[in-house]
Amino acid sequence: MKLAFVVQRYGPDIAGGSEIHCREIARRLSTRHAITVLTSCASDYVSWRNTFPPGETRDGDVRLLRFAVRQPRNLHAFADLSDEVFDGGAPRDRQEAWFAANGPDVPDLLDHLQQHGRTYDLVLFWTYRYSPSFFGVPIVKDRAVLLPTAEEDRAIDLDVLSEFFSLPAGYLFLTPEEQALVSSRAARALPHCSIIGMGLDPASPVNGRSLLDANGIPSEYVLYMGRVDRNKGCHTLLEHFHHYSWKFSTDDVALVLAGPAKMRVPTHTRIKALGYVSDELRRALLAHARVLVVPSPYESLSIALLEGWNYGVPAVVNARCAVLEGQVRRANGGLPYRSAQEFCEALAYLHEHPTERKSIGQQGLAYVDREYRWPVVIERIERLLTQIAERRA
Amino acid sequence: MPVDVVTAELRERVRARLRERLKLHGASHAFEDPALFADVDRLLQSSIAEGDAGALLLPELLGDPDTWRLQTAMHYQSHRGTGAAVVVLFFKRRVLMPMFRWLFEYSRDNFERQRRVNQVLFACIQELAIENAALRKQLRASGAFEGR
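In order, the protein sequences belong to chains A and B. The opening position of the first sequence corresponds to residue 256 in our numbering, with each subsequent residue numbered one higher. The opening position of the second sequence corresponds to residue 34 in our numbering, with each subsequent residue numbered one higher.
This is chain A alone, in the form it adopts within the complex (with noise of 0.2 Å):
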């Protein structure tokens, strides 16, 4: 099959979710069909401001088409708009301009979708909320296969979407609770349908603590891996475990933080705040670490969570997010935690009981082997795109 793939960001160094699981599958897909990506030339999703030259490249088996960003995002304009929108009740055409300002502003990458979008047997989109996917879709919607990454967040709650998520030939999730939001918001039922998730090859070895030793990592530790934000649940992450260590913990466990800090970190004798680290350190961390913490309120897919059962490690989520909370029960990996009292009792019961921890994170290294190697996913992926091209056809 001829497949366009459109991407706000695309790269090797693009850190972020949904632009490492495309890139990933344009490569492995790219073996048997032929694949073009369709992206901005932008690699910061802040400003959108452009940094790769336009025009064709390669990426292995990859063509790469990128486009100039008309104009970087207006930072103040976005936060009023954003306000406006997310308050209630904005008329259709605001909620739209919303959109266009969220970015990245390709109106080249549209033009050619307009112009050749019928070539390619099936266009796939990646993330709803910026402005490729969401003018892009209603453009080859006969042939569109969105790829929402949506989360429980304010923006999957604006009027327009309803129609705009009627418009795909075909939907691939990331995870049940997913598909479930995105159905709760479309004005008519989904059509062809699959839950994909994301692959992960199986763990490198790693040769004892001699990197974690040289970081100064104490022996026992909880692992935090990703953006250190408030917006990921960290403020209440670092609350929550300054209540363990103050009145609850009989053992000395640490908390390690292994991502860019975008808020301040308080100093503590037992919390470490790493920064970025390296694939090396963080393998490491992986293979040592006791449970893995996943605070966050939003996910669409938590790939830290897996990232840990790929290492045999158990974790403790926030409940609040119907995501994590659905892949802990699915995998029967880890504890879910409401509260600041669930959280200590979760720790301290990982704690206590180290061969249920150890059970724990294998039922979660099992649920990783079953269900997210990339052949499985890839199956999954080329299964939905043959239902919709013979539909089609």
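It is worth saying that the hints were derived from the structure and are not from the lab. Quick caveat: nothing in here was measured; it's all calculated off a predicted structure. Heads up, a few of these hints could be off.
Stated by the list, open to error - Label-pair ranges, simulated between beta-carbon atoms: (1) B/SER111 with A/GLY344: 40 to 50 Å; (2) B/ALA167 with A/SER439: 20 to 30 Å; (3) A/GLN326 with B/HIS108: 24 to 34 Å; (4) B/HIS108 with A/PRO460: 58 to 68 Å; (5) A/PRO346 with B/ALA49: 49 to 59 Å; (6) A/ARG485 with B/GLU45: 23 to 33 Å; (7) A/PRO308 with B/HIS108: 18 to 28 Å.
As the list claims (entries may be wrong) - If the Cβ cut is set under 7 Å, some of the chain B residues that face chain A in the computed set are: (8) VAL36; (9) VAL38; (10) LEU43; (11) ARG46; (12) VAL47; (13) THR100; (14) THR105; (15) ALA106; (16) GLN110.
Glycine included, C-beta positions come from ideal geometry on N, C-alpha and C.
Please build the complex by placing chain B on the supplied structure of chain A, with the hints as guidance.
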């Protein structure tokens, strides 16, 4: 091993501790009964979990949203004539707002919290009304209730 069982055990432990603490602070005597406390806890928890704004009846009954809904967005207005209004609005939007954005965001975040609490309260009232209506229906069916 099923983590649901472990989670239920841990939650039971948390609930027991919470009940003791509330009793210590003079909570209702009804909370002496652990089973009743557990029922109340379950009902309120489910209200919080299922408090989707789109699925609530009370906001529909309150009428025009402008009369009751918290408005968290800043609306820029001026009572002056067109020319002066453009200058005033520009000044408010591009000079004052960036200067005081931190204060606006502080207030807005608090209003958002209030909005969430309102939504949870709406959901709790809805759950209680449903339970109440279901019990009335049962009682009416059994002939033991002659009320409205």
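Results for each hint:
no.: 1; hint: B/SER111 with A/GLY344: 40 to 50 Å; verdict: violated, 22 Å
no.: 2; hint: B/ALA167 with A/SER439: 20 to 30 Å; verdict: holds, 25 Å
no.: 3; hint: A/GLN326 with B/HIS108: 24 to 34 Å; verdict: holds, 25 Å
no.: 4; hint: B/HIS108 with A/PRO460: 58 to 68 Å; verdict: holds, 59 Å
no.: 5; hint: A/PRO346 with B/ALA49: 49 to 59 Å; verdict: holds, 51 Å
no.: 6; hint: A/ARG485 with B/GLU45: 23 to 33 Å; verdict: holds, 31 Å
no.: 7; hint: A/PRO308 with B/HIS108: 18 to 28 Å; verdict: violated, 42 Å
no.: 8; hint: VAL36; verdict: holds, 5 Å
no.: 9; hint: VAL38; verdict: violated, 10 Å
no.: 10; hint: LEU43; verdict: holds, 4 Å
no.: 11; hint: ARG46; verdict: holds, 6 Å
no.: 12; hint: VAL47; verdict: holds, 4 Å
no.: 13; hint: THR100; verdict: violated, 13 Å
no.: 14; hint: THR105; verdict: holds, 5 Å
no.: 15; hint: ALA106; verdict: holds, 4 Å
no.: 16; hint: GLN110; verdict: violated, 13 Å
The earlier numbered hints that this structure contradicts are 1, 7, 9, 13 and 16.
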